[in-house]
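Line by line, the protein sequences are chains A and B. If you read the first sequence in this note's numbering, its first letter stands for residue 1, the second for the next number, and so on. If you read the second sequence in this note's numbering, its first letter stands for residue 1, the second for the next number, and so on.
Warning: the hint list may mix true and false statements.
In this list, chains with the same sequence are indistinguishable; a pair is considered to hold if it fits within one copy or across any two.
[Stated by the list, open to error] Here are the simulated lysine to aspartate or glutamate pairs, EDC-like style, with alpha carbons at most 16 Å apart:
1. K166 / E139
2. K356 / D312
3. K349 / E300
4. K260 / D272
5. K138 / E160
6. K344 / E300
7. K212 / E160
8. K313 / E329
9. K351 / D186
Since the hints were derived computationally from the structure, they do not count as laboratory data.
Number of protein chains: 2
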Amino acid sequence: MNKNYYAVLMAGGVGSRFWPVSTSEFPKQFHDMLGTGDTLIQKTFKRLNKFVPTENILILTNERYNDLVLEQLPMVKQEQVVLEPAMRNTAPCILYASLKIQKKNPDAVMIVAPSDHWIEDEEGFARNVEACFDKCEKEDALCTLGIKPTFPNTGFGYIEFDKENKEDLKKVNQFREKPNYETAKDFLAQGNFLWNAGIFMWSVKTIVDAFKAYQPSQYELFAKGIALYNTDSEQEFINENYPQAENISIDYAILEQSKKIYVLPATFDWNDLGTWGSLYDKLDKEEGDNAVVNSRVLLEDATGNMIRSPKDKIVVVDGLKDYIIVDKEDVLLIYPKSKEQDIKQVLVKVKEKFGKQYT
Amino acid sequence: MNKNYYAVLMAGGVGSRFWPVSTSEFPKQFHDMLGTGDTLIQKTFKRLNKFVPTENILILTNERYNDLVLEQLPMVKQEQVVLEPAMRNTAPCILYASLKIQKKNPDAVMIVAPSDHWIEDEEGFARNVEACFDKCEKEDALCTLGIKPTFPNTGFGYIEFDKENKEDLKKVNQFREKPNYETAKDFLAQGNFLWNAGIFMWSVKTIVDAFKAYQPSQYELFAKGIALYNTDSEQEFINENYPQAENISIDYAILEQSKKIYVLPATFDWNDLGTWGSLYDKLDKEEGDNAVVNSRVLLEDATGNMIRSPKDKIVVVDGLKDYIIVDKEDVLLIYPKSKEQDIKQVLVKVKEKFGKQYT
């Protein structure tokens, strides 16, 4: 395996639309959402570990998930788990991780990727990432993987690439925020728009230089600690300085500023597993087009439902169509699939009525 | 309390329409179906214990429920739990219990009652039973409490009483099996029909004499053991002889034969808690006419549902009307209330598909 390959897994999110399975105590990425025997972060780690050495994979997450990470990824050492002492969006933690990697290996190329997405074709994924790594090793490029849109989804950001470009890796014209439905339809009609899956690749030199250029004060804040990174004094420095970092996303801080952005249209199927409906879409269906995770079901006049329960629980459903039925120890949710985006509001109500321990 | 008062609680049934809460391992009468803090058998015991001395209450049940009885009724001694070594319907076990009581106290009057019905007005119940006891102490009468029908229920047997009779305790003309709907309507129109709630009162002398007269061979079978009842040798005798008893109900064996049957129209509200729907009817309703036991609910566009879960589980329901939603550790049931009678068939399918341990 190439010793210069590094990966940074983003594992600090909560996935609140997957409530009640995903909670702030135990978020989505630490659950076996698909019932495969692996949690999402385990699956993601294995996918990257096919071409990135184990010790070169860092996990960026929150203090409260440190134990979950070490438990679910026993091959990972504590020093690979990078804990954010405060929530400051993606730019600060990516800069911090990049500086740590650069100090170890100035020739490193790295991928930043979410820990909770679904990608079945691991070979295809590896090929796409390595193609980007090749480019990043040769030139000063910030690369991203773009997903070919299958419908005018208003829940994702889009990447517009240069139509004239005949290379595999295409020059990016601009990043576009989540569009409304009409705009999304227009994007699809134009044919040179891809979904932004939050998967980025670059050399440590290129990304650090980009921070120097576009976020000089943030660069300075974290550069002060370079002598301390990967030593016993690192944590103290970070605890003190990290909270002072500006709360800003990598998209806004760097990608929308730089002129050296490239996108590779992904050749693999991808699903962000953002909602119960997207999980439903991804799963194999049982009789009556019901998707079932963990449950043993007896279904009568039940179609299009997303059913999940603790392992081997018997679930008997009669007369339901297109429902999310999710049962966990202390919460049962029976909710129309068409209203899945409203689960965030359910969460707010549950917190008000029963306390935050359930959310 | 009157030392001659005795009670026999029938606690051997399974209540399969209350699946998945009621199972053959842990039937309905041992559950807190109403969420009151007491199981049904505990409630029934307390109701009787207001006028029947603790040590005079016998529990008739199956070997497998012996521990449940002793656990839930810690004031009951093992000798008060009468175990049927084989399922032989109600006549044999009532005769057996009556002979045991008669041996202890030949002046006893006794009530036979189901352990799993709901009666809120405990004072009214006590008054009605004591009125019957008075009659049974004075004369050779078999008494029953009849429930004034509120609708033409086809799920109960009916008791027809003598219209001309102006006494409170009315002479019974005949017992009628579960009628069809037209017949049930006709019963209600006639005005002298009551539901048979399976609550009977008599003196031990009267019931034993009735067995002698109408079921002489059954009487002989059990009379052989009189010397052994309430001694260490009883169980051996019963284990050997009980299985030889004819499988026959007390209604058919005695009540439909005797001419000395009286019925007192009950002055209290009664519910047999035979189905989830009957439980729903009995419970106080929350917002949207939902009946909730044990759960903490968040309901949106949800009406007429019967919801039950383990204590304090959060149940979020959106968009369901008239459903039974019952969650227990290893089974979740979501089923239309209108099909509640079909739960018995669900049980058969669950047994076939997943094994009898769930039923």
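Verification of the hints:
1. Within a single copy, K166 and E139 get their C-alpha atoms no closer than 18 Å, and across copies no closer than 107 Å, so neither meets the 16 Å cut-off.
2. Taking the shortest Cα distances, K356 and D312 sit within 16 Å of each other only across copies (15 Å), while inside one copy they are farther apart (28 Å).
3. In the homo-oligomer, the alpha carbons of K349 and E300 lie at most 16 Å apart only across protomers (11 Å), although the nearest pairing inside one protomer, at 32 Å, exceeds that limit.
4. Taking identical chains as interchangeable, the C-alpha atoms of K260 and D272 are never at most 16 Å apart, the minima being 26 Å within one chain and 77 Å between chains.
5. Within a single copy, K138 and E160 get their C-alpha atoms no closer than 24 Å, and across copies no closer than 98 Å, so neither meets the 16 Å cut-off.
6. In this assembly of identical chains, K344 and E300 lie within 16 Å of each other by CA distance solely across copies; the values are 14 Å between and 30 Å within a copy.
7. For the homomeric pair K212 and E160, neither the shortest alpha-carbon distance inside one copy (25 Å) nor that between copies (96 Å) is at most 16 Å.
8. Taking identical chains as interchangeable, the C-alpha atoms of K313 and E329 lie at most 16 Å apart whether they share a chain (11 Å) or sit on different chains (8 Å).
9. For a Cα distance limit of 16 Å, the shortest separation of K351 from D186 qualifies neither inside one copy, at 39 Å, nor across copies, at 55 Å.
Consistency note: the structure conflicts with the earlier hints numbered 1, 4, 5, 7, 9.
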